Structure formats: C-alpha cells, structure tokens
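Fit chain B to the known structure of chain A by using the hints.
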Amino acid sequence: MIVLDGIGKRFGGKESLSGVSLQVAPGEILAVMGPSGSGKTTLLRIVAGFESPDEGSVSIDGVEATSPEKSLPPHSRKISMIFQDLALWPHMTASEQLRFVLKKRMKSGQEIEVEIAALLGSVNLHDYARRYPHQLSGGERQRLAMARALAAKPAYLLMDEPLSSLDPIVKDELEKMILDIQSVARMGIIYVTHNSDEVHALADRVAILDRGRLVRDERKDVLLTDPGCELARRLLRV
Amino acid sequence: MKPPRFLYCIATALFVLVVLTPILYMLLSLLNTDGVGGALNHISLFDRRQIGLAGNSLGTALGATAGCLLIGPPLAYFLLRTNLWGKNVLKVLCLVPMLIPPYVHAIVWNDVSRTLGDWLPLDVHSVWGVIFVLTLAYFPFVMLMALSGLESIDRNMEEASLLHHGEWATLRRVTLPLATPHILSGAVFVFIFAITDFSVPDILRVRVYPVEIFVQFSAFYNEAGAMMLSLPLMAITFLLVLVQRRILKDRSYVNMYGGRSNASHHRLGRWNVCVFMLALVVVGLSVATPIWDLMERAGALSNYIRVLKTSYSQILYSLFVSSIGAAATLFLGLLLAIVIERSRSEKVKSIFLYAAIAPLAVPATTLGIGMIRVWNRPATDFVFESTWVTVFGYVARFLPFAVMAIASNLKQISPRIEEAAALATPHWLRVLWRIVLPLLSPGLTVGFFVVLILSFGEIGTTLLVIPPGRETIPIKIYNLMHYGANSMVAALSLMLIVIILALAGLFSAVYGRLSERVSGR
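Chain order of the listed sequences is A and B.
Just so we're on the same page, this note's numbering is the position in the first sequence counted from 1, plus 5.
Just so we're on the same page, this note's numbering is the position in the second sequence counted from 1, plus 35.
Pulled out of the complex, with its shape left as it was, chain A reads as follows (with noise of 0.2 angstroms):
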C-alpha cells in the first residue's frame, strides 16, 4: 500500500501541497481530479521520487520511501510512471525502449526478448518492434508507454493525465486496455485527470485537491451521489 501522510511542499515560497494525506491499496485505482495548478503533478513527482516534500512522508508496501531528511531512489521504489507527454526515448525503436528497462529485472538476453515480444503483443504493437517513437501514431505511442511501463513488473502505476491528447475513439480503446491490464496485474494506480468519463470508466476512489489542499478523498459511487462541495460537483459533472 502506498501511504502519503501529512505531505507539504513550497516552491520559491509558494505552496504547492499542505497536509496531504492519501492511500493506495494493490489493486485500487485512485483518480487525482483538481484544477490546473492544484498539486496533482506534484503530488505523482513526490511519490515518484523526483521530488523531495518539506513535510510529512511516504511509505510504499512499509517501507519509508520519502520524508524530509531521507529519499528512496525512483529506481527502488516498485513504481512506473506513465508521463502526461510519455517521455518516450526518441533515439531508440520500441522494442528497445522495452530492453533497456528489463535489463533491470532480467539477465538472460532470449528471456529478455521473449519479454518483450509478450509485451508488445499485449499491447497490440507486435509489429512495430522496430519503430522509433516518431514513426507510430498518437495511440501506438501510448501503448508503448504503457508496455513500458508494465515491463518493469511494478507494483504501482503512476499515470499524469496519461489520454489527454487523444481522439475518443483511441481513448475509449486505451481505457479499456488499462482495465484489462489492471485485472490481469493488480497494480495499484494514481491516476491524474481533469476528464470526468476518464474518472467513471476507471477509478475506484477518487480524491480532489484544491490549491494544494485535499478537499475529498471517497469512493467513486459515494462521491457520485453525494459530491459534498461545489468544486466537485464541477469536476465530476454530477
């Protein structure tokens, strides 16, 4: 389980989070709604690793993984990040991407390529191993930031706003290999979006944060019912 307890960050001053306190179960996925400039980004990069709070901490499956005085390096901590712009490598085809990060969990070189055969079989990319990013389309590049992702074996999933940029038709396709996916690895998920049909065809629970500060943290069909505040009863268009 991911615990963040009491998380506070300031840049140059300004605050960007205060007191923050969420939960991620295995198997759970928690939509981080709010407007833009509410934290949510920041709040992916202080699980991540690639920010370090002012306040509070965050343990992953038990283990402290951040708080002010120490940091777990991004690479220890079972997490894969799905970045809103994908931050796919430019310089290395498909299947390329996917062998530089097995070659984390994986020694042998055939089992490697089994791996990543698999992979790009799972997410529809079979025959686009040697691509470079530039030469697929918006939806294969997202599926290859998925097959990315998933080829370190993580236990959670980071994804920032991860289907903005696409037409419904690809979304609809990619929300539901994310679900399949989900079934199949039972990760834990934070999954950052302003979209409300991405929150009701994925999230289990989902969390609002106002000028960096947790407004609601419920269930899905309890928020539905019962929005509690104007910002999300806006968010969720209930």
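Hints were generated in silico from the structure; no laboratory data involved.
Hints are all accurate, no fakes.
No more than 27 angstroms apart at the CA atoms, straight line, and that leaves these computed lysine-lysine pairs for DSS-like:
{"id": "1", "chain 1": "A", "residue 1": "LYS108", "chain 2": "A", "residue 2": "LYS83"}
{"id": "2", "chain 1": "A", "residue 1": "LYS19", "chain 2": "B", "residue 2": "LYS122"}
{"id": "3", "chain 1": "B", "residue 1": "LYS122", "chain 2": "A", "residue 2": "LYS75"}
Here the structure is a predicted model, which is why all the values come from computation and not from measurement.
This is chain B only, laid out in the frame that chain A set:
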C-alpha cells in the same frame, strides 16, 4: 508569415557585396592567366613541406577537438545535473577562457614556458603545445553547446529512465545520446576554429596553413600561392560545416529562454571532491594562470597608467569599430535569419543557410587578402582607406554567429504568433517591428555581443586590412610583442580581458532582463 520579396533582394545584395565578393574574387583569381599553373609553380600541395603543413594543421585541429571533447561535455554534465560543490561559480569561471582571445593564452603559455623551462612537462613550441593552448581557449565552446543540449532534453525523458535505472545508466543510455548532436556540433566548431586559427600557431612558431598563407602573401607577395594553400583548408572546413548542419538538423544552437538548470538529480557523494578538484585544475590552467602571469609581468600600477595613456585612443577605436561591426553584422544576420527560418521554399532556405555559414570555412588571413584585392582600387579607395573596410571584415568573418543566434531564437517563436498579427495589419514591417523584433530581442542581444566580443579580439583579418594610421588593441599587442615590450603587452592584454569581461557582464545583465521579459518569467 512569408517575408516580402524586397527582403530577399536586400539580404542577397549586402551579402554578395560584403561577404561573398572577397571570397569569390580569391577563388576566381586562380583562373587568371597566371592562376593555378602559376600558383603551382610556387607551391605544390603534395611536396614534403606541404604534407608536413597539412599534418600540423590537421594534427592541431584534431588534437584540440579531442581535448575539448574530453573536458567540455563532462564539465557541462557535472555543472548542470549534479550537486557539484560551487557549481554556479564554477560555471561562470569555466566560461571565462572563451572570453580571453586565443593569442593571449598563447602569449601567456609562451611566457610560462620561458619561466619554467624544463619544469614544464610540455614543449609549447610544438604541435602538442598548440593543441594544449587551443584546448584551453576553446573547451568552453563545447561545454556551452553541451549545456544547451542538456537543457533542451525533456526532463521526463531522464526521469522515465530513473524509474528503472540509476544515474550512470541514465547518463549513458538516455542523457548522452540525446545531447550528442549538440556536443558533436560544438566539436565541429572547435575543429574549424582550430584549423583556421592564425594567432596561436604564429606566436608558438608552429607551421600551419593559416600562418603559411600569411607568410606567402606578406613576405613573398605570392597571392596565388596563398590562395592555393587556402583551398584544402576551405574544402575541409566547408565539408565540416555541412556535416555540422546535418548533425544538428532542426535543433537550435542555443536554448534562448534558458533551460532547467536547477534540475540536478545526480548526487555525487564521495566523488564530489575529485570532480571539484578536476574542475579547479581546468579553471587554474585556463583562467588563473593567464591572469596571474599577465599581472606578474605587467608589474607596478604605473605600468598600467602608462599603457592607458599611450593606448586609450586604440581602446576607444577598438570599441567603436567593433560596435559598428557588431551592429552591421546583426542587421545582415537578421535579414538572412528571417529568410532562412520563414521562407516557404526549402531550396531558398538551404541556399541562404549554407551561404550564411560558408564564411566559417574561410581562414581570416585568406579573407583579408580577398578584401585587399576587392577594395584596394581607385574606385573603392574611400572604403579601403576608411574604417569601413575593417567593419566589412568583421561582418564577413562573424556573420555566421549572428545568423545562428538569431535563427535559433526565431525557430523558437511560433509562426502562428506572426500570423495572428498579420490578421490585424497587412504591413509586414509593422509585424516585424511590433511583434517579431521584441520577441527576438534575446537572440539579437546574443548575436550583438558575440560579434562585438569576437570583433574586439579579432586579429587575422584586421592585421591585413586595417587602414594606415589606425590600430586596434589586438594589433597593438601584436606589434608590441614583436618589439619585445613584455610588460606593456601584459598590461594591455589584461586591459583587453577586463574590457571583454565587462562587455560580457553587460551582456549577461541585458540578456537576463530581455529573456525574462520575453518568456514571461
């Protein structure tokens, strides 16, 4: 927004007049009656002497490039991506050697070798000595390009790797490959600077092409021979200019709005001491040694006052002619950059781009000879006997830098911004004046100061074309050096460095303000 036709005409006319004519004149002079055959009577490119010359030229250029690659990119990485002690101060100090003209580095190490004798584990009057001095003078170019490359890498690319691997694997597999085009481009620059440099090998008495070209022209009056010697040099450097364009493709030379310099994810731990010491050694050799040696030689304060009294007119003239040169270069650079970045025809873009960067391939001495041939005639004496010929020399030599700086900035301004303005006014000049120029102000500032600083220290072309009765500071230093006036050379060199540093400080302040305003940060 498509540039109007008159812009192409003005840009082409000025470019042909100031830059292209002297170069073409020299090339065409080979086809004259006495041309190639005559030149070959004096010089054979394949005799032993010439092969030795080619070996020295290529050796010094390759060696200096290798040296700069060894120092520049690692320094850039440590300064930008790690928690290296004192990295902000070190970053500034590591850029200073670039502001000290190469011949001042050469004067200093020439003197250090005299003082230390056999204690110095290197003969500075050799190819290795030239490599050493050129490396110290030029490594900041590669460092600067590497910094620009590192700053242009999307932060998420490296973080996506850090989720699965440590810092060194991320550096090797993600950071370095993504920064490679900028680093290689910086290396090509250094190679071109080194192979066309006249001053350092001349002071350290090593025979290379630019020195030989100067000797053939000024000592033997063998113009065709000098031109013959320029040919291999121009062929190599122009080829490299093409290679560099291919490497960099559509990337910008510089990141105009600053990158994410605070993104230091790599903790050095116990390696911090070693890296800090190595950085100090580099700063010691390239900054502290020149300053200390020049101060030591310049002696008492009275010497500075004496030099100031006898050289203030040269200082003022240098500032004046460099400023005019920088402004003129900026004007032509702006026209060419607009054509290169905003023309809709790929062919036109390529022609103007390669024409604009071609002067990089021409050694300063060759350009000087070409300018004498073009302007030293009765009808154009009014140019040749005035400051304009020096100004034209600066434009011809440093135009590529102005074009690169302005084009890099223009590349980062969306054409949609101009299109939005075009909906409000049909006048292209109004869009240029009210929209494009304010947004281009950081690039224009970079272009102006780079050309100003380079012109202020220029010697290769100025030495040949400066009108009688006029003297710039570099020319005065050069003349004093040959009279053996050591303390005056040192004091004047120090003054030259101080003025260049002051100009760099002024640039930094102006640029910081403008880029902050333009980027809205």
